[in-house]
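Read top to bottom, the protein sequences are chains A and B. Each residue of the first sequence is one higher than the one before, counting from 1 in my numbering. Each residue of the second sequence is one higher than the one before, counting from 1 in my numbering.
These aren't lab readings, by the way, just hints derived from the structure by calculation. One or more of the hints may lead you astray.
To be verified - If we take Cβ atoms under 7 angstroms as the criterion, some of the chain A residues that face chain B in the derived model are:
hint	residue
1	T109
2	G113
3	E116
4	T124
5	Q127
Note that CB positions come from ideal geometry on N, CA and C, so glycine has one too.
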Amino acid sequence: MGVVLDNLDRYADAFWVTVQLTALGFLGSLVLGTIVATMRVSPVAPLRAAGLVYVETFRNTPLLVLAVLFVFGLTKVGIRFSLFTTFVIVISIYTGAFVAETLRAGMNTVGRGQVEAARSIGLTFGQSLREVVLPQAFRTVVQPLGNVWIAMTKNTSIAAAVSVVDLTAVAGRLTTDLARPLPLFAGAAIGYLILTLPMGALVGALERRVAIVR
Amino acid sequence: MSDSAARPLVQMESVNKSFGDLHVLHDIDLSVDRGEVVVVIGPSGSGKSTVCRCINRLEPIDSGRILVDGAPLPEEGKALARHRADVGMVFQSFNLFAHKTILQNVTLGPIKVRRVPRAEAESRGRILLDRVGIADKADRYPAELSGGQQQRAAIARALAMDPKVMLFDEPTSALDPEMIKEVLDVMVELASEGMTMVVVTHEMGFARSAAQRVVFMDGGRIVEVAPPDRFFGQPETERAKDFLSKILAH
Ligand SMILES: Nc1ncnc2c1ncn2[C@@H]1O[C@H](COP(=O)(O)OP(=O)(O)OP(=O)(O)O)[C@@H](O)[C@H]1O
Ligand SMILES: [Mg+2]
Chain A
1 MGVVLDNLDR YADAFWVTVQ LTALGFLGSL VLGTIVATMR VSPVAPLRAA GLVYVETFRN
61 TPLLVLAVLF VFGLTKVGIR FSLFTTFVIV ISIYTGAFVA ETLRAGMNTV GRGQVEAARS
121 IGLTFGQSLR EVVLPQAFRT VVQPLGNVWI AMTKNTSIAA AVSVVDLTAV AGRLTTDLAR
181 PLPLFAGAAI GYLILTLPMG ALVGALERRV AIVR
Chain B
1 MSDSAARPLV QMESVNKSFG DLHVLHDIDL SVDRGEVVVV IGPSGSGKST VCRCINRLEP
61 IDSGRILVDG APLPEEGKAL ARHRADVGMV FQSFNLFAHK TILQNVTLGP IKVRRVPRAE
121 AESRGRILLD RVGIADKADR YPAELSGGQQ QRAAIARALA MDPKVMLFDE PTSALDPEMI
181 KEVLDVMVEL ASEGMTMVVV THEMGFARSA AQRVVFMDGG RIVEVAPPDR FFGQPETERA
241 KDFLSKILAH
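Extracted from the complex, chain A is given alone in its bound form:
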């Protein structure tokens, strides 16, 4: 592991990039996923259709392909974001589709009766979602949502393919120079584990805390 320690500063910078991709991707996909899940249960048919198209498009296209399309596509239509920003957008959109589907499964576990009770005390559709449906939906899908975000953390490595210097990119670049792929990529793997292992533990703890008494 000497080669890793020799280049620890580059690993540290790259780890920080991966942390930022993860954190921003988490926020972006949470917001998008919640919006799209809400669209999918909306009483307005065109919104439902748009939500469905979103999910089916982005869930079923490889992230790498989306990343390349966005990097070149955005430039083509004259939008100039940094590669980092572009990748954050792509991974948020992509992961948002999985968040939306997971959340929708959670929404379906909230009984129709509770929704009717919410409507019958005068809550609007939006208020029923916010106050009654979504809080329960999130609680029932803590574990699967955690899996989505752990998968997303590992998926941030696709950023390396569009020249964002994350953990995977650093391991790759150093390998080109030093021809020591095993220790260099093991170093990257450790970086990902430092992120994902606590996430798994956090999800378990959170699930126990927010479980709904039924």
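Given chain A's structure and the hints, the job is docking chain B with the ligands onto it.
Frame of chain A; chain B with the ligands shown alone:
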């Protein structure tokens, strides 16, 4: 007295309702006066729940008119939400919000819909919970309560909105016999305080002690309307006689 005291609080005029090909309400005419308690009774599938759900507009109707306190039901959106806030509904399956405490269940509507300050909503909520006899359960979750306690919490939740009328759809039929009385007692008291109520129930004791009128439905039609003593003592229609003989048989 003014007009508003004289006119019926709930008025259904030739209401028709279908689910696809299934015509479930046929020309329903029903008016409920202020302070009146009407019991709706009838065989399974006769449309009793649908009547309640239409008054609260949980189901839209196909034709006819429903007026509550003189105003026709709004179509959608904010106005409809306001209408529903004025019409309390109690369901067979309680439908309490599982992730909220009993007190939070009761204060959600006042806080979010009526914009009552939290502290005030909570003190009013506690008074209501006390009234239905579960003040000690305020900080419990629904699943920690018995069925009878949950149903009383659901009644308190509806009352917290200060509704003009309360609809009950078989409020005791999911309950064990020993819990039925505690819920009916609350309802009888509510009736004696002058609440306008439409109650779908087969509890004859409740009908006799609290209702002014019994509405008997069969096949999506109102077949007979009579005061409880007359309805249970000398029903006029064959269908009512037949139905009563069946529910009295066990
Ligand atoms: N959402 C729905 N979709 C289709 N059919 C429905 C729906 N709701 C009710 N029905 C049908 O409408 C008819 C009347 O139903 P409703 O629930 O009003 O009867 P009910 O008198 O309340 O019966 P019960 O005593 O069993 O509760 C029934 O035939 C029922 O199957
Ligand atoms: Mg029914």
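Hint by hint, here is what the structure shows:
no.: 1; hint: T109; in the structure: 10 angstroms, violated
no.: 2; hint: G113; in the structure: 4 angstroms, holds
no.: 3; hint: E116; in the structure: 6 angstroms, holds
no.: 4; hint: T124; in the structure: 5 angstroms, holds
no.: 5; hint: Q127; in the structure: 6 angstroms, holds
Hint 1 alone, counting from the list given before, is not met by this structure.
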